[in-house]
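Residue numbers (my numbering), protein chains in the order written: chain A, 1 to 255; chain U, 1 to 272; chain V, 1 to 369.
Treat the hints as calculated values from the structure; they're not laboratory data. These numbers were taken from a predicted model, which means no experiment stands behind them. Take these hints with a grain of salt, some might be off.
Calculated Cβ distances over 10 angstroms to all of chain V for the following chain U residues [unchecked claim]:
| id | residue |
| --- | --- |
| 1 | Leu25 |
| 2 | Leu80 |
| 3 | Arg90 |
| 4 | Gly101 |
Facing chain U, a subset of chain V residues (Cβ under 8 angstroms, in silico) [as the list claims (entries may be wrong)]:
| id | residue |
| --- | --- |
| 5 | Gly88 |
| 6 | Thr95 |
| 7 | Phe97 |
| 8 | His99 |
| 9 | Ser101 |
| 10 | Arg156 |
| 11 | Gly276 |
| 12 | Pro278 |
Beta carbons: idealized from backbone N, C-alpha and C, even for Gly.
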Amino acid sequence: MTRARARGFPLAVLLTAALVASGCGAGTRTEGTTLTVLAAASLTESFREMGERFERAHPDVEVRFNFQGSALLAERIRQGAGGDVFASADRAMMNRVVRAGAVAERPRTFATNRLTVVVPPSNPAGVRALSDLAAEDVSVVVCAPRVPCGAATERVETVSGVRLNPVSEENDVKDVLHKVEVGEADAGLVYVTDAEAAGDKVRTVDFPASERVTNEYPLATLEAAEHPDTAEAFVEFVRGDRGRRILREYGFGTP
Amino acid sequence: MSSVLRPRRRKGAERPVGTPLPLWLPAGGALALILLPVLGLFARVDPARLPALLTSPAALSALRLSLRTAVLATGVSVLLGGPLAVVLARSRIPGKRLLRGAVLLPLVLPPVVGGLALLYLLGRTGPVGAVLEQWFGLTVPYTTTAVVLAQTFVAMPFLVVSLEGALRAAGTEHERMAATLGAGPWLTFRRVTLPMVLPALVSGLVLTFARALGEFGATITFAGSLRGTTRTLPLAVYTEAQADVDAAVAMSLLLVAIALLVIVVARPRAVG
Amino acid sequence: MEAGPSTGEGLSAEVRLRRPGFELDVTCAVRPGEVLAVLGPNGAGKSTLLGTLTGSVLPEHGRVALDGRVWLDTRRGVDLPTHRRRVGLLAQRPTLFPHLSVLENVAFGPRAGGDRARRARAIAREWLDRLDVAELAGRAPARLSGGQAQRVALARALAADPEVLLLDEPLSALDVDTAPAMRGLLHRVLGAQRTPCVLVTHDVLDAVVLADRVLVLDGGGVVERGETGRVLARPRTSFTARIAGLNLVRGTAVAEGVEVDGVTVRGGTAEPVEPGEPAAAVFAPSAVAVHRAAPEGSPRNVVEVRLLGLEPRGDTVRLRAETEAGDEAVPLTAEVTPAAVAELALKPGDRVFFAVKATEVAVHPLSVG
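Here chain A stands alone, though its shape is the one from the complex (with noise of 0.2 angstroms):
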């Protein structure tokens, strides 16, 4: 009987600690608003500072954040997962959310990017410029031509006539960087932006062809919204002056 006793123990503390700790985590923020924003992967950097501002001017509020791949962020809005505001790395994907009926709003354009080659600081397969990347030697990671990375590589390819030949297609444009970063690829394709924030990790080879694939970044208000009023006024600091600052330092190009 004690036996049994003291084996329940461990267990009942157990569930009552995760209990507790669920029940506080829903607890915390009761009366400040909770502002839920789901963006692409490659507005990481710039948006984490954008929130910080954002809340800066807003105490009350506290933004989190959801940074995804957009087609997945895209699939759960339509599965109906909730959140305030979506921020898509292409029109494709925020289409998609406009199509299902989850948008508040017009979709409104706040950025754009381009594509630019990045190679390890070593550069151990010489590359200078977009054809060398066509080589059979030289191993290319790119985004897979599902995620707009990929489906923007794609139209590089059209737009140059330069074949690539990768060894994988990623679904996420910071596994692309990664992979060039730790130097298990000689070469990738991925937005200026993530060149920028990866800093000497890697390094840059521009090519002319990029100024003419430029991806458009929109954003809207979901109809999901809890807070509509608070997510408005968070789309409005994006694509305002302080915003535009923020995402130009990022290597952003904004309307």
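Guided by the hints, dock chains U and V onto chain A, whose structure is given.
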């Protein structure tokens, strides 16, 4: 894996011990948690599109690659993990408890971490990968070999654990007896040890294969994702989910079907 | 009295080993065809001694040799692995290989010894036949009774053609109904064996029936050793007396019981025994009734004895006595109540009659060394 050693109930055997009523509700909840999401997959897919989606080049290529790599990973797991299980169960080596814990690492680590670890070891800049590349001109990442390695890393512990458990449960009595009958260690292993743990070995194989088939995190991190070379079914599901959810669900159903086939058909045989 | 380990024929062993709270120091020698019973309580070191012989235990100091060939010599660093020692082991549990049929189990030894499958099976069939279990050849071990499994295990041990036979409590896991039959079978088989045999047991009856000589272990050392009948009939240590306990009358088997110096002790046979064979009549001291005058009627055995001593034992009194008739005095004991002692006014030196019912007497075959 003591369930492996449980005798089959025969007709006329005593009735089972009564199950306390308070256990039935959570038990039902557990089943629901496992089964309902899988059933939800079926509800999500458009039956009219299903045949086309299942036979799409992307799906077929991923299926072929998945089956091939999972079989290879299971084979590597047996060749390396089987002997490891025997060593862990039978030999007296220092730090065995620590080793036994280390074998469980891939089970508790997030597979992505495993993938990163493999990448940093066998990647072009890794200590082993650099040697392979410089001396033999071999590159492991982005190859089907990398997929097999990632799957083996994650799935092999299932084989080691189930086999080692069976070996320890079986004890050494029969082996000692075989020695008195003149059988040397190798003969004893082949004719006594191995046949006695065969059921556990088979169920370990099934689990290993199933785990290898479902491997995602380590594969995508270490091997990358390219159709026909490294994009196995789980990776294909993830990639398709970015654009065509129906295609992703169809491929998921394919995975579910294979897993069910493996578990339902192979496992009872292993146990019986 | 046997000598220490010798370099001559048979098995010789010398084992010294020290573990926390345990010490073992034994020497023994077993001639070809001889059965040595190792008796002793749990923890006396019996299994350790056996383990040293099979090779599963490595003592600090030890030497084991068979017919002059050395299996173990810690001083010279010789330690043959078990599979090269050719020991036949019958343990408490049969430990049959569950995945092999009875026939394949018995054929295992010959196959390990290098025989081809067909020849190994022939040998196996022969042994199953000799042990009267030929009809079990096709069975799975899981479908054998305890007694059947132990017979198969014995067949398996013998089929491997061992040079030494080791029996480790071979009957202790069997129930009271199957043990006598197995004991009888062992008696028959060991009588025909020409290998040295060591029998570890805690049951004195096993030693009586199967062993030519006994070695009594207690607390890791040999407290007594010698010919079975002598050691058990005249125990020199209290420990041996305690385990011996029973009355043991040795003679020749006849139809009704055992004949000793022309007198027949009537009893029922426990194991199969042929008339003319050496046999022992065994009965408990508590089965003995004591009379001043020779009692009449009912089929009982009566013998006149001289009382040697009276020993109080809790609420009974143990009477030590000796027969007077015959060439050799036979020691007997009886256990009676203090009231009976008072009523009969018993004292040492008295001549009284011991009576025991035939149904209380078990006739066992005796080992012929």
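Comparing the hints with the structure gives:
1. Leu25: 38 angstroms, holds
2. Leu80: 25 angstroms, holds
3. Arg90: 14 angstroms, holds
4. Gly101: Its Cβ never comes within 10 angstroms of chain V, the nearest being 29 angstroms, so this holds.
5. Gly88: With Cβ-Cβ at 7 angstroms, under 8 angstroms, it holds.
6. Thr95: 5 angstroms, holds
7. Phe97: Where the cut-off is 8 angstroms and the nearest Cβ of chain U is about 6 angstroms from phenylalanine 97 of chain V, the hint holds.
8. His99: 4 angstroms, holds
9. Ser101: Constraint on serine 101 of chain V not satisfied, violated at 12 angstroms.
10. Arg156: Arginine 156 of chain V check passes; min Cβ-Cβ to chain U is 7 angstroms, inside 8 angstroms.
11. Gly276: 36 angstroms, violated
12. Pro278: 31 angstroms, violated
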